[in-house]
Amino acid sequence: MSNENNVRDSYDLVADEYAKRLYHELQDKAFDRKMLDWLVERVGQSGVICDLGSGPGQIARYLANQGAQVCGIDLSDEMVRHAQRLNPDIAFTQGSMLKLPQVADATFAGVAAFYSIIHIPTPMVISALCEINRILQPGGTLLLTFHIGAQPIFMDEWWGQTVALDFHFFTVEEMKDYLISSGFAILEVMQREPYSEVEAQTKRAYIFARKR
1 MSNENNVRDS
11 YDLVADEYAK
21 RLYHELQDKA
31 FDRKMLDWLV
41 ERVGQSGVIC
51 DLGSGPGQIA
61 RYLANQGAQV
71 CGIDLSDEMV
81 RHAQRLNPDI
91 AFTQGSMLKL
101 PQVADATFAG
111 VAAFYSIIHI
121 PTPMVISALC
131 EINRILQPGG
141 TLLLTFHIGA
151 QPIFMDEWWG
161 QTVALDFHFF
171 TVEEMKDYLI
181 SSGFAILEVM
191 QREPYSEVEA
201 QTKRAYIFAR
211 KR
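The C-terminal residue of the sequence shown carries number 212 in the numbering used here, and the numbering is unbroken.
Hint data in this document are derived by calculation from the structure and do not stem from the laboratory. Possibly wrong hints are sitting among the right ones.
As the list claims (entries may be wrong) - Derived CB-CB ranges, DEER-like: (1) Ala200 <-> Lys99: 22 to 30 Å; (2) Asp16 <-> Ala104: 30 to 38 Å; (3) Val172 <-> Glu199: 12 to 20 Å; (4) Glu173 <-> Ala200: 29 to 37 Å; (5) Asp105 <-> Val198: 33 to 41 Å; (6) Glu188 <-> Trp158: 30 to 38 Å; (7) Thr122 <-> Trp158: 31 to 39 Å.
What the hints assert, rightly or not - Straight line, CA to CA, 25 Å or less: simulated DSS-like cross-link-like pairs of lysine-lysine: (8) Lys203 <-> Lys99; (9) Lys203 <-> Lys29; (10) Lys203 <-> Lys176; (11) Lys176 <-> Lys20; (12) Lys34 <-> Lys20; (13) Lys176 <-> Lys99.
It should be emphasised that the depicted structure is a prediction, and the values quoted were computed from it without experimental measurement. Think of the CB as a built atom: it goes at the ideal place given N, C-alpha and C, for glycine as much as any other residue.
Please work from the sequences and hints to get the whole structure.
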């Protein structure tokens, strides 16, 4: 079982390879680009979009290229380092989405959480979503993506590094319930099949939700 320290340490170990392999992943994912375009359209010029669980910054980079005001937060210091190197015009900081004391209430107009809840145990998902709700402005938009499924998968090796990571899967209905319990209204729900050869072969869900 992975905990937050294991998640941080594991991503620190694979950060170099992750940045090399996945920084340009959106080039092969037209559906994901469209979802991010919709987020930018929904937020407009009302404020900053936070890329939460930003990794090396590929999501933040795309959002910024579409004209959005963007920042990024990631648990891994090494991921933050890569994000800063690859995107010197965007501010990235280290932080846990379970608790972000450095972020004031109602700071962001939008949050993009692209697969950033996949290492959070189910009993803690509502805590993470409540923290996202706290940092969003009233009426702010969350774009949440995750893998659809039931049983978690444990990974102990990744790109030649010894890691300790649980990958958690969720059904669409349970995630909708979590979001509603965390103070969100569901706007839109979409699903897609995986792209062959460019990502893990799992079905994906995309939920747009608004802070109530």
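These are the hints, each one checked on the structure:
1. Range check, Ala200 to Lys99: Cβ separation about 28 Å, and the 22 to 30 Å hint holds.
2. Take Asp16 and Ala104: their Cβ atoms lie about 33 Å apart, and the range 30 to 38 Å holds.
3. Look at Val172 against Glu199: about 19 Å separates their beta carbons, and that is inside 12 to 20 Å.
4. With their beta carbons about 22 Å apart, Glu173 and Ala200 fall outside the hinted range of 29 to 37 Å.
5. For the pair Asp105 and Val198, the supplied restraint of 33 to 41 Å holds, since their beta-carbon distance comes to about 38 Å.
6. Distance hint check for Glu188 and Trp158: the Cβ-Cβ separation is about 32 Å, which falls inside the suggested range of 30 to 38 Å.
7. A hinted range of 31 to 39 Å for the beta carbons of Thr122 and Trp158 is inconsistent with their spacing of about 22 Å.
8. Distance check on the hinted pair: Lys203 and Lys99 sit about 29 Å apart at the alpha-carbon level, beyond 25 Å; violated.
9. With a C-alpha separation of about 14 Å, the suggested pairing of Lys203 with Lys29 holds against the 25 Å cut-off.
10. Between Lys203 and Lys176 the alpha-carbon distance is near 16 Å, which keeps this suggested pair within the 25 Å criterion.
11. Distance restraint check for Lys176 and Lys20: the Cα-Cα separation of roughly 34 Å exceeds the 25 Å cut-off, and the hinted pair is therefore not satisfied.
12. A C-alpha spacing of about 23 Å is found between Lys34 and Lys20, which places the hinted pair at or below 25 Å, so the restraint holds.
13. Taking the CA atoms of Lys176 and Lys99, the gap is near 21 Å; set against the 25 Å cutoff, the hint holds.
The structure shown violates the earlier hints numbered 4, 7, 8, 11.
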